[in-house]
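A.B. asks: Below are the chains, spelled out letter by letter.
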Amino acid sequence: MPKVTFIEHNGKEHVVEAQVGKSIMQTALDHKVPGILGDCGGECSCGTCHCYVVDPQWQRKLPPIGENEEVMLEGTLHTEANSRLGCQLKVTPEFDGLVLRLPHSQVL
Amino acid sequence: MNASANTLSWDPYRTDLAQDPYPTYRRLREEAPLYYNEEHDFYALTRYADVEHGLRDKENMSSHYGDILEFIKARSRMPDAVFIHQDPPVHSAYRSLMQRIITPKRMLGIEQEIRKLCARSLDPLVGKDYFDMIGNLGAEVPMRAISMLLGIPEQDQVAIRESVDARIRTEAGKPIDIEHNQKLQAEALSGFDEYISWREKNPSDDMMTELLNAEFKDPGGNMRKLTRDEIVAIVNVVAGAGNETTNRLIGWMGKTLAEHPDQRRQIVENPGLIPQAIEELLRFEPPGPFMARYVMNDIEYYGRKIPKGSALLLMVACANRDDRRFVNGDSFDINREQRPHMTFGNGIHVCIGAPLARLEGRVVMEEVLKRFPEWEVDYDNAVLSSTSTVRGWDSLPVWVGAKPKNARAPAPKPAAEPAPAAAAGPVELEGTWNVVVKGPTGPQPAVLTLQKNGGGYSGEQTGMGSTSPIADFKRDGNQISWINHTTKPMKLKVEFKGEISGNVISGKAKAGFMGSYPFTATKA
Chain A
1 MPKVTFIEHN GKEHVVEAQV GKSIMQTALD HKVPGILGDC GGECSCGTCH CYVVDPQWQR
61 KLPPIGENEE VMLEGTLHTE ANSRLGCQLK VTPEFDGLVL RLPHSQVL
Chain B
109 MNASANTLSW DPYRTDLAQD PYPTYRRLRE EAPLYYNEEH DFYALTRYAD VEHGLRDKEN
169 MSSHYGDILE FIKARSRMPD AVFIHQDPPV HSAYRSLMQR IITPKRMLGI EQEIRKLCAR
229 SLDPLVGKDY FDMIGNLGAE VPMRAISMLL GIPEQDQVAI RESVDARIRT EAGKPIDIEH
289 NQKLQAEALS GFDEYISWRE KNPSDDMMTE LLNAEFKDPG GNMRKLTRDE IVAIVNVVAG
349 AGNETTNRLI GWMGKTLAEH PDQRRQIVEN PGLIPQAIEE LLRFEPPGPF MARYVMNDIE
409 YYGRKIPKGS ALLLMVACAN RDDRRFVNGD SFDINREQRP HMTFGNGIHV CIGAPLARLE
469 GRVVMEEVLK RFPEWEVDYD NAVLSSTSTV RGWDSLPVWV GAKPKNARAP APKPAAEPAP
529 AAAAGPVELE GTWNVVVKGP TGPQPAVLTL QKNGGGYSGE QTGMGSTSPI ADFKRDGNQI
589 SWINHTTKPM KLKVEFKGEI SGNVISGKAK AGFMGSYPFT ATKA
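Here the protein sequences line up with chains A and B, keeping their order.
For what it's worth, our numbering labels the leading residue of the first sequence as 1, then goes sequentially.
For what it's worth, our numbering labels the leading residue of the second sequence as 109, then goes sequentially.
In short, the hints are calculated from the structure, not lab data.
Don't take every hint at face value.
As the list claims (entries may be wrong) - What follows is a list of derived Cβ distance ranges for each label pair: (1) B:K166 to A:E74: 16 to 26 Å; (2) A:E13 to B:T115: 19 to 29 Å; (3) A:E74 to B:T115: 51 to 61 Å; (4) B:R208 to A:P34: 26 to 36 Å; (5) A:E74 to B:E139: 21 to 31 Å.
Every residue gets a Cβ at the ideal spot worked out from N, C-alpha and C, and that includes glycine.
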């Protein structure tokens, strides 16, 4: 299984085994990673699974940002050029080694 | 139903369970993860994993008849733009438009204004030893905040209300001219339209302006702007949803923190705990305890069939305390391991205003604790109400600090006074009536004042912080009817029709296109 690393805002790292086919958001919830809420359950409707892709190379490797994700990200808090919504990233075997940083909060 | 004392029986209408439904919820989770209520013919899911699954299940769960048990039983339909009552693709068309407009960024952008609203409500209470968490705070801040977000700043609210009120006022005192009256009604009805037109000419950076300008792909696939009717419907949904629930959240804050003084002290000493305290509060006492769905196909849970066409309650308030998800789910613990709850729902209909509710909760808690680090609830004068949509306090008076010895309520509420015995004859209509409309987002209190005027009655009605004259008051035997044009949170013509019995009028209040709701009016 591909290993994905989540880094909380306080620096705490969570290296988790991601199940292929699940979203990054669901992966974080399944492993109780604090800092991802996923209120809408993966419908790209709440912006509470926001994360930052640490490595620019990974930004290029990941599937591109879709129309719905782009609209949601426009209204999401504290976005940067490397922002993604975890629910829109479906894990593939190629995700092994992906590192994601989490914002200080999804809601404030 | 032959329910023995030990039979597990629950429905959202049982007032005896409203005060503390949680022991029953625990039994439901353990004994009836899928519960069926024969009397009211509905199913209910009670465990966290099942409620979550149900909320996300687009294949089998429909919002076509709304998300309220009674609406589903009645197969009620709403206009397309009332998107919480729709399924994809109609829901998706409006929801994605609204997601561009009600963004977390926009909501968080009014934090300073919300802080000012809190100060406005709370500062006059400093130095007092008794106040009402609902009347003095919960009923004020969320209503003003949502008006602000919608783009009805207070000075404009007043200006617009005055332009309409002025026309009505010039007619007061004259005999009722039915034709003219009807014209006035039509004008008041179109008042909202008028406001939208005004906003069109005076664009701002608010939601209303965006609703006017936004282009969206409608359910038919055409790019277009919203119609006036659609804007009115959407504004109604947003204002309705943003008001009552957050008001209830503030009440639960007052009650829950008072009952956990040790944790309250911890928060006062470290306000950084407030965001997680709000999440715990939302989990512990959800203002909207249930979400209902219409079941589209035969489905099965725990080996039992839920037939197509059933009404299914997804019991969020019960699921949020599931020990399978939260350690000691029935205990309030702001320091617990943080995991998401379902108070805002889940799936495509998840609350679009959650960031605003969280923001208001956080700012209100900060501003309350800054001024009042300790309080005790006056339960003798507190009023809890519970419906199939909302559970919370209509009134939650508190003593600042500790309950005084020999305490008596310094400010009894008019609603709490015993109603005069009316058996001795027909009750005098002239005077004050306490009106409660059981609306889609919970009970809406109002006060109706009637005066004799020629052969009939005139008067005014106050609710949601605004007062407006009533029109067309009629009595025919036991039948009573009148019309109230509300101005807050929006302009709406509400037609009351009921029957008087003793000192109570009960019947239906028809609120424009929003539908009819039961009401009672009790002589004060």
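A.B. asks: With reference to the structure, classify each hint as holding or not holding.
C.D. replies: To see whether the hints hold, each was checked on the structure:
1. B:K166 to A:E74: 16 to 26 Å: Between K166 (chain B) and E74 (chain A), where Cβ atoms are some 25 Å apart, the hint holds.
2. A:E13 to B:T115: 19 to 29 Å: Since E13 (chain A) and T115 (chain B) have Cβ atoms about 52 Å apart, the given range 19 to 29 Å is violated.
3. A:E74 to B:T115: 51 to 61 Å: Once the Cβ atoms are compared, 53 Å apart, the range 51 to 61 Å for T115 (chain B) and E74 (chain A) holds.
4. B:R208 to A:P34: 26 to 36 Å: At roughly 29 Å between Cβ atoms, P34 (chain A) and R208 (chain B) fall inside 26 to 36 Å, so the hint holds.
5. A:E74 to B:E139: 21 to 31 Å: With a Cβ separation near 47 Å, E74 (chain A) and E139 (chain B) fall outside 21 to 31 Å, so the hint is violated.
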